[in-house]
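Asks: Please assemble the complex out of the two chains, which come individually in their own frames, going by the hints.
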Amino acid sequence: MSTLVYMKILELDPARYDRRMRMATFGRIDRIKREIAAHWVEPGDRVLEIGCGTGSLAALMIERGAHVVGIDISDGMLEIARANASSADLLHLTAMEIDTLGEARFDRIVATFSLSELSPDEFDHVFDLAINALKRGGRLVIADEVRPSHRWQRALAACIRRPLAVLTFLLTRSGTRALRGLDHRISRAGLKIVHRESYLLGAFTLIVAEKESCS
Amino acid sequence: MFLNLLKDFWLLFGRMFPLPTTPGLREAGKPTRSSPVLVTCNFDLTVRKVLRTLERSGIDAWLLVAPSRGINVWCASGAGHFTADTVISILKTSGIAGRVDHRKLILPQLSGAGVNIWSIEERTGWKARFGPLRIEDLAGYLERGKHRAEPSERRVKFDFTDRLVMGTNLGFSSLVFFILPILIASIWLGSFWWKSIVLIFVLAVLNSLLVFRLPGKPGAARGLSLGIGAAALFLAVSWLVGGPPAGASFAWAGWILFVATYLGYDLPSWSPLWRADRKELLLGKRHTRIEIVEEKCIGCHLCDVVCPVGVFRRNPKTRRYFVADAGACQACGACVENCPTEAIATNFRSAVCKCPTCAVINRVNALKEERTDENESVGGDIAPESACCKGDGAASPESTTAEPAPRACDCGPSRGEHR
Ligand code: SF4
Ligand code: SF4
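Protein chains in written order, with my numbering: chain H, 1 to 215; chain F, 216 to 634.
Pulled out of the complex, with its shape left as it was, chain F reads as follows (with noise of 0.2 Å):
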């Protein structure tokens, strides 16, 4: 219970560090051998929370804990430590089959940019299909015992307490960068330290809380415009306290420009609706694409339903889906990963998340570039520049073809290479 406490304590700032629970089947409530089986990843909080809410809402169910190394379900599949490899090894390590009489299981529709559920179904017989976003809206999905979950319960939030959290989050993950220089700087400026770290909390709950309300475009330009507000407040209020602002009065507001601009833009790494693009967020221009190839389509609606900000809509005259929607698209690369017709043709190839965990995961994109330089002769066709979870997302903008460019990263199993 106290562990619990201070684990969820350190959740408000940390998040950004995995915190693993041991994988395995756990059982909500009396599951018997006709109960879902539902799988989710094996960071601690997600644990506790889907178990906890399963229990209220009275739903008995296998849980299928999978070795995400301590990653939530979203950055995990990302990232590609939650894809079919990971279901399959909590499949047969847990024993399941010998639970239950069905072959169906149920993911966590986030899990899709890294879970491929044909490769699962192929190797496995077992029948994956994506549940709700949120572990909430279980109950009813399970109740309707529809295939899909409604739209509504199929799209990312970013509400208040998410907002909150994240806040805090990005506060304390910037206080990792900063401390230093902050640290340094206290060295001649005194009281400057704690002063800066109260700071870049408020600003970071600050960018956080009205990120909907700011001007501009999310990113570095709403960070701007907090700043701007704040930088001119606190003038207005040393004026109004202790005369006319001097020199360190306009040091302090430059220096409060500069962060609440800089948290400005870090802020969508921690969101779930936009990506962390690095020249989206400074420049604001959006450089991804993303369309179906209609004669590919089948109109098996996966994309749609795996898509966490709705990019896809059902053209009733012909059946099949087409982008409604390019500028909500976050490249999170789910719908490429499930397609089954590979359809769905983008110039990124799978999630271009740009967060820590994404980024370092990468090494074997790192041994690529590294054969590349080196065995020259092997030649092969590996793109020059690798946009897996760290690249640039504007990695090969020619290679929008009919054909989406293989997987060349280790972000799950390679397209085509299962089915």
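Just chain H, same shape as in the assembly (with noise of 0.2 Å):
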């Protein structure tokens, strides 16, 4: 029973995605969220949602008039999805495929805490592929846990995140790791930052990149 009961105990919320998210951030995602749909998407835009998760994002970016992509692995997660944001099309696909999708056909591409539960590799990968996928003028907006750049921010983003980390994998069995270099692989590309936002002394930022209009 002791498999039974360590699993019990950590059942007892085994991390309802949007609570938990909701915790991670300190309530902060909800706001965030709005503020995408709101400033950051346009009626009209075709946005492709990285990691639609809950369908929560898709919904308010729905409202606003955009057509919405959403795609995610987790099958439970569609489910709900497709009961939140009922018009948007959802798809069972890794951020691995979305060159299935088409080349330059989006307006925006949206990406909320979900690039950061990929490894390094990934990570590149679904960057670049992102970036063919965007038209011409069009954004990119990411919002994720980032490692603060100022070294003071850092340590105290730490301290708070180590433990926080824990329980989240303690809960979930699986942990995010901040993003790392996210500027530099931005100006890499060729994106301009539009937009920046930080959180949470640092630890959370919101970032709006735009691909070049012309070549």
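None of these hints come from the bench; they were simulated from the model. From a predicted model like this one, the values you see are computed outputs, not experimental measurements. Some clues are possibly wrong.
[To be verified] Once the Cα atoms are required to be at most 20 Å apart in a straight line, the calculated SDA-like pairs of lysine to any residue come out as: (1) K410/F - L448/F; (2) K342/F - E97/H; (3) K500/F - P487/F; (4) K342/F - T100/H; (5) K342/F - K361/F; (6) K211/H - E103/H; (7) K342/F - L93/H; (8) K342/F - S250/F; (9) K361/F - I350/F.
[What the hints assert, rightly or not] Just the calculated beta-carbon pair ranges, DEER-fashion: (10) A189/H - T237/F: 22 to 28 Å; (11) R196/H - R314/F: 34 to 40 Å; (12) L156/H - I402/F: 36 to 42 Å; (13) T556/F - L101/H: 28 to 34 Å.
C-beta: ideal position from N, C-alpha, C; glycine also.
Replies: See below:
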């Protein structure tokens, strides 16, 4: 029964996803999502959301008048997303396969708290594919956990993050890592950062980067 | 070297915790553009063992170490961390496509519970097939060049070494569970704590080593048999040593009986032969059902290839497969996942592993439940109790229909969606 009881302890609140994210971001996640939908998506945009999860952001963007294609690898999540954002195109697809959706097809590619679940190799790969999938003048909107730029902020973030990471790991047996070198990656790809906002001492960031409109 | 020794020591006890190594492409020997491409998990021990075995048998091969979150092949695939998506991820990010001329993948047989080979083929063009169960059999398998491993290479065993290692692991995991009460009791009982720790380890290893010899059904019954034996032995010895047993001796005997029974009940979740189902292990009653709908079967033998316990057999007259040994089925779901015509009907949906790893991964099931009670109006066809890796297996006994219930969890792609 050790396995059973152990499992029950861990199962108490098996990180009901949205709630867990709300917890991890101290409630900022809803605000970030609302901001993305309100300011960084225009009516009529074709949006690709990588890791749409329960579809809460997709629903907001649809309300704003965008056409949303959401991808996720969890069928359970997708099923919930289908209820939350029924007019979105929701696909079971890994981020590594977004090239199959077509080139230069999207006005916006949005990823909230999904890129940090990828391994560094996967992240690099997905980043290239995402840029190919963007139209010229299209924008990449990333909200995620990052490594703060100042040393003292990093130390502070580590103090907060470590215990939280242990808890998250115990609850979900999965961890995310903070994105590193996001700015560098963006500028190397020739994108222009048009907006940046930091939350929680620089531990979370919202970055909007634009693909040049003419070459 | 030293680090590896340390890891190996840890793995005698802590296999329930993931031990990741960096995913990516590894080379065994000097692989060429026509060398076979193998896939494995990113559990440290597995990767080292596979590379060592390949080298020893002089096989040149590409090894894709897929990001299974540091969990071993079987647990990861049962828990939805080793799926077609995982394999596709490593196929795309490793750049293997540019290094070989063929498009053939060899998967470990035990990944069948999570990996749907049709989904991989449809989404990437890579043709995947399942190799032998143990990496030791790979050389022979490659040499024969057949699609199928020999039946003996496809069956799980639970041999002496396995049983020994799983015994120590069982002891450790049980200790995690018992340690608090033991320590508290030791405030009054003094040396109780270390004696209990020794007892738990000894009984765990004994349970594991003797599991085929003990009378009763696998589970609590066999543990009880061991407990009766051990408690009787203990009483007899203490009588010989210190005269007629007193209250304390009887208390110890009771404690031995309890620990042994409990460990017997817990052992199957550490074994590859019996499924870790609560009811079954306590009461010895099976409630899983599996059958092949004959008209739907096209005789592709994939179910037989993935099944680790040899449930299926071919009817030479009809060339179709049938369930020959339903009692052996441990509801891993590999056959259901991979049957191309959805001919296999079950009353479970997928792996019904009850180990902690599987259980905690089921956050999505919890989400589902949340959704059903929160948005009643949405209705939908969500099973009230999903029998995913954590479920009871008896979730919806009425669902033994021609159509296997669609997957309702995140343990891999849902059926039908990719076909
Ligand atoms: S039951 Fe399915 S997997 Fe098995 S032989 Fe028939 S068609 Fe193939
Ligand atoms: S018959 Fe049972 S044990 Fe064999 S593959 Fe199917 S579910 Fe797994």
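Asks: Look at each hint and say if it fits the structure.
Replies: Checked hints:
no.	hint	verdict
1	K410/F - L448/F	16 Å, holds
2	K342/F - E97/H	17 Å, holds
3	K500/F - P487/F	19 Å, holds
4	K342/F - T100/H	18 Å, holds
5	K342/F - K361/F	14 Å, holds
6	K211/H - E103/H	13 Å, holds
7	K342/F - L93/H	19 Å, holds
8	K342/F - S250/F	15 Å, holds
9	K361/F - I350/F	16 Å, holds
10	A189/H - T237/F: 22 to 28 Å	24 Å, holds
11	R196/H - R314/F: 34 to 40 Å	39 Å, holds
12	L156/H - I402/F: 36 to 42 Å	40 Å, holds
13	T556/F - L101/H: 28 to 34 Å	29 Å, holds
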